[in-house]
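**Q** Modelling step: build the complete structure from the supplied sequences, incorporating the hints.
For the protein sequence lines, the chains are H and G, in the order given. Mapping of the first sequence onto our numbering: position 14 corresponds to residue 14, and the numbering continues sequentially without gaps. Mapping of the second sequence onto our numbering: position 35 corresponds to residue 35, and the numbering continues sequentially without gaps.
Calculated from the structure, these hints are not laboratory results. Quick caveat: nothing in here was measured; it's all calculated off a predicted structure. There may be inaccurate statements among the hints.
No copy labels: a pair is met if it fits in one copy or bridges any two.
As a list, the in silico PhoX-like pairs of lysine-lysine whose alpha-carbon atoms are at most 25 Å apart [claimed, not checked]:
#, residue 1, residue 2
1, K14, K69
2, K14, K36
3, K71, K14
4, K36, K71
5, K71, K32
6, K14, K32
7, K36, K69
8, K32, K69
The lines below spell out each chain.
Protein chains: 2
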Amino acid sequence: MQINLRPVGTVISKTEDSSEIEIHERFSPGLKGIDKNNIRYIWVLFWMHRLSEDAREILEAHPMGNRAKEKRGVFALRSPMRPNPMGLTRVELVERRDNILVVSGLDALEGSPILDIKPAGSDRRSN
Amino acid sequence: MQINLRPVGTVISKTEDSSEIEIHERFSPGLKGIDKNNIRYIWVLFWMHRLSEDAREILEAHPMGNRAKEKRGVFALRSPMRPNPMGLTRVELVERRDNILVVSGLDALEGSPILDIKPAGSDRRSN
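**A** Below is the structure:
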């Protein structure tokens with residue numbers, strides 16, 4: 001079975017304080033109703049595009065890259081190395097300008113394809 | 001750009017109380033270190049396999065399917081309809097038996113392909 005994803009946007013800039021996500025024009029109707037007055041936190045699912053295909057074969061790694069620690073399985077770690085290298089981060093919505101979301105706390109690199117955006121609970125309790 | 005995912009497991013059973021996830025043999029080294037004594041909560045990322053390809057074109061929907069409510073963009077909703085129909089649920093690890101994880105709280109259907117497993121913070125605060 002093969003599953004194909006379509007990027008819905010891209011991380012277009014990143015500073016220490018915030019990142020800008022541009023949602024592709026084609027998918028911008030999906031943003032209707034998102035503004036920071038009603039949705040303060042969102043989940044951002046992104047593709048770790050800099051990882052090589054080989055890295056997807058790695059199933060065990062040292063926690064935090066610390067060789068003093070015994071290796072663990074990648075499903076027990078937040079390591080970027082995993083069979084499907086998707087990152088998942090709960091970020092704060094700082095501003096929305098049309099199809100651009102300015103967020104803080106995103107650990108994606110510039111150029112990372114965005115796969116999905118979902119609202120997150122404001123009390124950090126809902127998924 | 002096309003992104004290909006490989007399912008790493010499947011939801012093999014589901015009751016009212018719990019679900020069983022079977023990680024495919026090939027990926028089972030990725031589970032090393034997962035047991036409920038050190039990882040109580042995990043994020044499960046799964047593919048909503050029952051949705052048609054057409055449903056991926058829907059970009060706006062009524063919240064909770066309630067037609068009395070104005071339509072919103074799918075990125076502002078937890079609706080299963082979205083360009084990349086991936087579900088994301090934080091579940092409690094009830095038991096691990098080799099390459100089977102018994103979890104509670106998973107809203108995936110039986111047969112859903114599993115895309116990733118990540119540890120979640122026990123205090124529900126970390127992503």
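**Q** Does each hint fit the structure? Answer for all of them.
**A** Hints versus structure:
1. Taking the shortest alpha-carbon separations for K14 and K69, neither the intra-copy value of 32 Å nor the inter-copy value of 36 Å comes in at or below 25 Å.
2. For a Cα distance limit of 25 Å, the shortest separation of K14 from K36 inside one copy, 19 Å, qualifies, whereas the shortest one across copies, 37 Å, does not.
3. Taking identical chains as interchangeable, the C-alpha atoms of K71 and K14 are never at most 25 Å apart, the minima being 32 Å within one chain and 32 Å between chains.
4. In this assembly of identical chains, K36 and K71 lie within 25 Å of each other by CA distance solely across copies; the values are 18 Å between and 41 Å within a copy.
5. For a Cα distance limit of 25 Å, the shortest separation of K71 from K32 across copies, 8 Å, qualifies, whereas the shortest one inside one copy, 44 Å, does not.
6. For the homomeric pair K14 and K32, the shortest alpha-carbon distance inside one copy (24 Å) is at most 25 Å, but the shortest distance between copies (34 Å) is not.
7. In this assembly of identical chains, the alpha carbons of K36 and K69 lie at most 25 Å apart only when taken from different copies (20 Å versus 41 Å within one copy).
8. In this assembly of identical chains, the alpha carbons of K32 and K69 lie at most 25 Å apart only when taken from different copies (13 Å versus 46 Å within one copy).
When each numbered hint is compared with the structure, violations occur for hints 1 and 3.
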